Amino acid sequence: MVSIYVVDNGGQWTHREWRMLKYLDATTKIVPNTTTWKTLTDEGVDGLILSGGAPRIGLENKLGNCDEYLRKSNIPILGICAGHQFMARFFGGDAKPSKIPEFGKITLTLLDTENPLFINVPKESIVWESHNDEITILPDSMKNLAKSENCTYQAIMHKEKPFFGLQFHPEVNNTEYGEQIFTNFISICKKNQTT
Amino acid sequence: MFKPTSFIKQATEQIQKTVKGKALIAFSGGVDSTVCAALVNKAIGNQLIAVHVDTGYMRKNESENTKKLMEEMNLNYRFIDASKEYYASLKNVTDPEKKRKIIGEKFIELFDEVANEENIQYLVQGTIAPDWIESGGELRDTIKSHHNVGGLPEKMNLKLVEPLRDLYKDEVRELARELQVSVSEKQPFPGPGLAIRIMGEATPKRTKIVREACAIVEEEIEKASAEKKMTLPWQYFAVLLPVKSVGVHGDKRAYGQVIAIRAVESMDAMSCSFSTIPHEVIDIISNRITNTLGHDINRVVYDVTNKPPGTIEWE
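So the sequence lines, in the order shown, correspond to chains A and B.
Residue numbers for the first sequence follow the numbering used here, so the first one is 10 and each next one is one higher.
Residue numbers for the second sequence follow the numbering used here, so the first one is 290 and each next one is one higher.
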């Protein structure tokens, strides 16, 4: 059994992330972002999702204890929307209000179809978006995995750590391969358990 | 996957543990409250009293049908016609959040009265996940105050029991089928009712217009889907807009209001895409609305917005 918690940054779809994990038979729980890293490790968590949040939250310097998780974790972390923007900023990149914010249906184009997060996801697919801000500078330690017409950094990963970020929302029912992406993240967490 | 039988077992045990004595359920007759009533009835039997409030903002024949449903389910029930009170308290109110809060508070006032008479301590509600998510609080932004969460007064005497809090509509329907609830496939209808399908003041006159328009949209879409011209959307209704436009009626100038038709595909109400309705069906709906409601309505439009950026209901 793999245990993946959802860290709640106040997103509309936090609970959908929890449901997605539950349906895919992961042990899961929604925890406030003020939960300490020690509590999480004491509970034996194998992976974390950093949820999205209310407008502008990705631009704040502090997102609960998300910085602590990113500093100390050796387990996989998937940041979504505000969680994704915060991750890039934590490693020295930047995020700013989008010139063209995206809401609803968008075509995602993968730049790296071989990535473990995108196994069985085609090069182009429909994803659902809802963001006012986006990453403007990608840190050197991270790599870009996907883009859309109006947003350069739709999916990112750390070059050395098992950390991923997604600007779009794989937990939303309308995202074509959302469940596949969750399945892939669960596999990444399982693989990490054994190493 | 969601497992209805094990959910029913766990929820029933939980309800038996929490609820001591009598409980009141806010019963609208929709899928959520009906499933919730069936579940709680299973747990505590006739200690449960269902209360249906006719707010005056219900759809055509809805309160009458709900009365029949409560009888069919052998529920201990109270039927309250509070339409006059609701119309009075929403007089001159145009702000959607104010409407929702007034409606929510009024519900609690009425439930409190019954609770006092019957010596009840628990209020059971069919609250589901989108209700508390969208109502916001703490980190989460308020998208809209659902009457059963964000519309509740700060101080409440009744203790809340909400067994469906972590479920979405598709899961509630699975429960409904398992519990053999007759309204299992009924389309969602918001608690504040037609009041939030009327942009601007929800007067009795404007309520009548939108009620008739909603009935036309429902009838024609259900007919077209029975005739296999289209699949039945997840939700479909009419909205009365606060703008007027110019038309021509029998060689005379007409200056009337606008109805928007909304039909969406969704699974959980947390995102949706607008439905593609065949033009011939939209044509029939438009003609029926502008002919039967011609005195007030001379224009019909179709809403082509997904969620996000829109929401399903307009307010």
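For the record, the hints were derived by calculation from the structure and aren't laboratory data.
Please note: incorrect hints may appear among the correct ones.
[Claimed, not checked] Stretch-level coverage of chain A by chain B, calculated; a stretch enters the list once three of its residues show a Cβ under 8 Å from a Cβ in chain B:
id: 1; stretch: 116-122
id: 2; stretch: 160-171
id: 3; stretch: 191-199
[Stated by the list, open to error] Calculated Cβ distances over 10 Å to all of chain B for the following chain A residues:
id: 4; residue: 81
id: 5; residue: 138
id: 6; residue: 202
[What the hints assert, rightly or not] Within a straight-line C-alpha distance of at most 20 Å, the following computed SDA-like cross-link-like pairs (lysine to any residue) qualify:
id: 7; chain 1: A; residue 1: 38; chain 2: B; residue 2: 333
id: 8; chain 1: A; residue 1: 38; chain 2: B; residue 2: 544
id: 9; chain 1: A; residue 1: 114; chain 2: B; residue 2: 298
id: 10; chain 1: A; residue 1: 31; chain 2: B; residue 2: 562
id: 11; chain 1: A; residue 1: 114; chain 2: B; residue 2: 427
id: 12; chain 1: B; residue 1: 298; chain 2: A; residue 2: 32
id: 13; chain 1: A; residue 1: 114; chain 2: B; residue 2: 556
id: 14; chain 1: A; residue 1: 31; chain 2: B; residue 2: 410
id: 15; chain 1: A; residue 1: 132; chain 2: A; residue 2: 150
id: 16; chain 1: A; residue 1: 38; chain 2: B; residue 2: 291
id: 17; chain 1: A; residue 1: 71; chain 2: B; residue 2: 451
id: 18; chain 1: A; residue 1: 31; chain 2: B; residue 2: 294
Keep in mind that this is a model prediction, so the values were computed, not measured.
C-beta: ideal position from N, C-alpha, C; glycine also.
Hints, one by one, checked against the model:
With a threshold of 8 Å between beta carbons, the proposed coverage of the stretch 116-122 of chain A by chain B is violated, since 0 of its residues qualify and at least three are required. Note: the stretch 160-171 of chain A has 0 residues with beta-carbon separation from chain B under 8 Å; the three-residue rule is not met and the coverage is violated. Proximity of the stretch 191-199 of chain A to chain B, defined as three or more residues with a beta carbon under 8 Å from a beta carbon of that chain, is not established by the 0 residues found. At roughly 22 Å from the closest C-beta of chain B, the C-beta of residue 81 of chain A stays outside 10 Å, upholding its exclusion from the interface.
For residue 138 of chain A, the requirement that its beta carbon stay farther than 10 Å from each beta carbon of chain B is not met, with the minimum near 8 Å. Chain B leaves residue 202 of chain A outside its interface by the beta-carbon criterion, the shortest separation being 23 Å against a cut-off of 10 Å. With a C-alpha separation of about 30 Å, the suggested pair residue 38 of chain A and residue 333 of chain B falls outside the 20 Å cut-off, and the hint is violated. Restraint check for residue 38 of chain A and residue 544 of chain B: not satisfied, since their Cα atoms lie roughly 56 Å apart, outside the 20 Å limit.
Distance restraint check for residue 114 of chain A and residue 298 of chain B: the Cα-Cα separation of roughly 39 Å exceeds the 20 Å cut-off, and the hinted pair is therefore not satisfied. Distance check on the hinted pair: residue 31 of chain A and residue 562 of chain B sit about 25 Å apart at the alpha-carbon level, beyond 20 Å; violated. At roughly 28 Å between alpha-carbon atoms, residue 114 of chain A and residue 427 of chain B are farther apart than 20 Å, so this suggested pair is violated. Annotation: proposed proximity of residue 298 of chain B to residue 32 of chain A holds, straight-line Cα distance about 19 Å (limit 20 Å).
In summary, the hint linking residue 114 of chain A to residue 556 of chain B is supported, as the alpha carbons are separated by about 16 Å, within the 20 Å threshold. With a C-alpha separation of about 33 Å, the suggested pairing of residue 31 of chain A with residue 410 of chain B is violated against the 20 Å cut-off. Distance restraint check for residue 132 of chain A and residue 150 of chain A: the Cα-Cα separation of roughly 24 Å exceeds the 20 Å cut-off, and the hinted pair is therefore not satisfied. Between residue 38 of chain A and residue 291 of chain B the CA atoms are separated by roughly 16 Å; this keeps the pair inside 20 Å, and the hint holds.
Restraint check: the Cα-Cα separation between residue 71 of chain A and residue 451 of chain B comes to about 34 Å, which exceeds 20 Å; the hinted pair is violated. Simply put, residue 31 of chain A and residue 294 of chain B have alpha-carbon atoms about 17 Å apart, close enough for the 20 Å limit, and the pair holds.
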